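With the hints as your guide, set chain S onto chain Y.
Protein sequences appear in the order of chains Y and S.
The opening residue of the first sequence carries number 1 in our numbering; numbering runs sequentially from there.
The opening residue of the second sequence carries number 1 in our numbering; numbering runs sequentially from there.
Derived from the structure by calculation, the hints contain no laboratory data.
Here the structure is a predicted model, which means the values were calculated and not measured.
Here a beta-carbon is modelled for each residue, glycine too, at the ideal position from N, C-alpha and C.
Treat the hints with care, as some may be off.
Unchecked claim - Chain S stretches covered by chain Y per the calculated footprint, using a threshold of three residues with CB under 8 Å from any CB of chain Y: (1) 39–50; (2) 271–285.
Stated by the list, open to error - Where chain Y lies over chain S, by a calculated footprint (3+ residues, C-beta under 8 Å): (3) 53–67; (4) 106–115; (5) 121–132; (6) 220–231; (7) 252–265.
So you can see what is in the structure, the chains are spelled out below.
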Amino acid sequence: MTRPATVRTRVPHLLMAAGMLYFLVPLLWIVIAATKNQADLLSSPAMWFGDEFSLFDNLVRLFREDGGVYGDWLLNTAVYSGGSAVGATVLASLAGYGLARFSFWGKRFFETALLGMIMVPATALVLPTYLILSNVGIVNTMWAVILPSLLSPFGTYLVRVYVAESIPVELLDAARLDQASELRIFWQVVVPNIRPVFVTVFLFTLVATWNNYFLPLVMLSDADLFPLTVGLTTWFNTAQQEAGTRVLFDLVVTGALLAIVPLVIAFVLLQRFWRSGAAAGALR
Amino acid sequence: MRRRRMTDHPVAGALFVLPFFLVVVAFLVVPLGYAFWLSLSSKSLALGEQFTGFGNYTRAFTDPVLLDGFLRVLVFGAVQVPLMLGIALVGALTLDAVTTRFAIAFRLIAFMPYAVPAVLGALMWGFLYSRTFGPFADLPTAFGGAPADFFSADLLLVSLGNIVTWAWTGYNMIVLYSALQGVPREMYEAALIDGASQVQIAVRVKVPAIRQAIALAAIFSVIGTMQFFVEPYVMSRFAPQISAGYTPNLYAYNQAFAYSDFHYSAAISFALGFVVFVAAYAFVLSTRKRRSS
Numbered sequence: 001m002t003r004p005a006t007v008r009t010r011v012p013h014l015l016m017a018a019g020m021l022y023f024l025v026p027l028l029w030i031v032i033a034a035t036k037n038q039a040d041l042l043s044s045p046a047m048w049f050g051d052e053f054s055l056f057d058n059l060v061r062l063f064r065e066d067g068g069v070y071g072d073w074l075l076n077t078a079v080y081s082g083g084s085a086v087g088a089t090v091l092a093s094l095a096g097y098g099l100a101r102f103s104f105w106g107k108r109f110f111e112t113a114l115l116g117m118i119m120v121p122a123t124a125l126v127l128p129t130y131l132i133l134s135n136v137g138i139v140n141t142m143w144a145v146i147l148p149s150l151l152s153p154f155g156t157y158l159v160r161v162y163v164a165e166s167i168p169v170e171l172l173d174a175a176r177l178d179q180a181s182e183l184r185i186f187w188q189v190v191v192p193n194i195r196p197v198f199v200t201v202f203l204f205t206l207v208a209t210w211n212n213y214f215l216p217l218v219m220l221s222d223a224d225l226f227p228l229t230v231g232l233t234t235w236f237n238t239a240q241q242e243a244g245t246r247v248l249f250d251l252v253v254t255g256a257l258l259a260i261v262p263l264v265i266a267f268v269l270l271q272r273f274w275r276s277g278a279a280a281g282a283l284r
Numbered sequence: 001m002r003r004r005r006m007t008d009h010p011v012a013g014a015l016f017v018l019p020f021f022l023v024v025v026a027f028l029v030v031p032l033g034y035a036f037w038l039s040l041s042s043k044s045l046a047l048g049e050q051f052t053g054f055g056n057y058t059r060a061f062t063d064p065v066l067l068d069g070f071l072r073v074l075v076f077g078a079v080q081v082p083l084m085l086g087i088a089l090v091g092a093l094t095l096d097a098v099t100t101r102f103a104i105a106f107r108l109i110a111f112m113p114y115a116v117p118a119v120l121g122a123l124m125w126g127f128l129y130s131r132t133f134g135p136f137a138d139l140p141t142a143f144g145g146a147p148a149d150f151f152s153a154d155l156l157l158v159s160l161g162n163i164v165t166w167a168w169t170g171y172n173m174i175v176l177y178s179a180l181q182g183v184p185r186e187m188y189e190a191a192l193i194d195g196a197s198q199v200q201i202a203v204r205v206k207v208p209a210i211r212q213a214i215a216l217a218a219i220f221s222v223i224g225t226m227q228f229f230v231e232p233y234v235m236s237r238f239a240p241q242i243s244a245g246y247t248p249n250l251y252a253y254n255q256a257f258a259y260s261d262f263h264y265s266a267a268i269s270f271a272l273g274f275v276v277f278v279a280a281y282a283f284v285l286s287t288r289k290r291r292s293s
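In isolation and in its complexed conformation, chain Y is listed as follows (with noise of 0.2 Å):
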């Protein structure tokens, strides 16, 4: 019996040793130039490492080139995608929940056009929008980036379909029995019901948030209020024009590497979510 089985095996084993071969060497190649200083990275060997060891050189000069605008540069994605994630998490929860459990003028209409919402390209708004809050003066601020990515279709979309599934209409009339209020059901009624879609849509919107790139790009100018994708990009050019008078490609490397560490982590631990969304997104 464990002949063939083995026999069976090793075609798969083979194909997914490969897969994860090519999905890894750009991650280690980043985490090994990390550690070298500008000189190495340009003349040693890409997959082996330098001369000498230079990681904790390079992230104390990563803190401090520029004024320290590293930090503000981590700081600043923390804030846009904490805030992002929490207020696009919220509303889509009070909407996916009004969808699924209420009745009222304009839904039908309202949820035929939800599906399309989810399919309007996100880039095709970012130039209006940054036209329309211009003109309100708000341009070059959080406030640029932070409220345009509130807007979360696919998760109201997410906890309708979930509400519907979890949440008994009786458990709810229970509970008006009770004199309970709608704001006071859904925050002790329904909210503990729904947690695992919460947490499913607001890594979702999290991720978003951290990985944009053109939203804030157009949005805004001052170099400290850029998050970390935008401002390493404008090291990056920087590097690029000034080659030799500034020491600048070691410092994206790493700079890159840190920016990629936390969200890595933080996928391989709650890989789960993820699937327990794309499974309800694709259920329907």
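Structure of chain S alone, referenced to chain Y:
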């Protein structure tokens, strides 16, 4: 009697939806409307701002730069999306059939690139492709060939395709894998007992069972491809031949911020968004109908 699914508190229900509705109006309906309104006029030095109707759209649909970019993105998507989803599907089927620790490690690692912001992923690959920083460009010299130039006109689309494939294959694999987890075992238990191979079961039972999820993944991939911006934008620092109109979205961005032509930029954004929206929505509706009938 039909079981009651809704409760009758219309005011409370509408109030729950209201905050989200306001965000939809402010950051989706109004921007789209404004883009459309902007696109209906033009600005010139001689005449100032002037209503031109669909003039910007006539210009867009006859603009060789935009049409070139559109065609490039179409060709790119026609190759990259099936390739990526094919690999993701094979990976998902493997994960569904093989449950060793090795497979779990593979699942976790395949998902990692999704955690890397697209702009940093593109930057990393840019370094990896370059001759000074990366290991790949000099590989052919080991066999006596000339060093590869991943930024050359011939290889550029392939290089870009690799970046997107690296970033999104694992994510799509997880999506399809979770759909496969929802396929009841009873659907293929009998076939297993009859001696059908895993490959036969995968092709005949599992893939048809998750075709809805595959279609959804395809739509989201196509929507993403049509908005192609970040990777070419970053790669243009390495490859100067990536022009201002390399992709439609890059063109719209440059029209607005390099040439300050917001009217034309709005027309491109709106036309692109409209094309994507209509195509995606039609696709969703057609797959839904087929399923319910």
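Cross-check of the supplied hints:
no.	hint	in the structure
1	39–50	violated (count 0)
2	271–285	holds (count 7)
3	53–67	violated (count 0)
4	106–115	holds (count 10)
5	121–132	holds (count 7)
6	220–231	holds (count 5)
7	252–265	holds (count 6)
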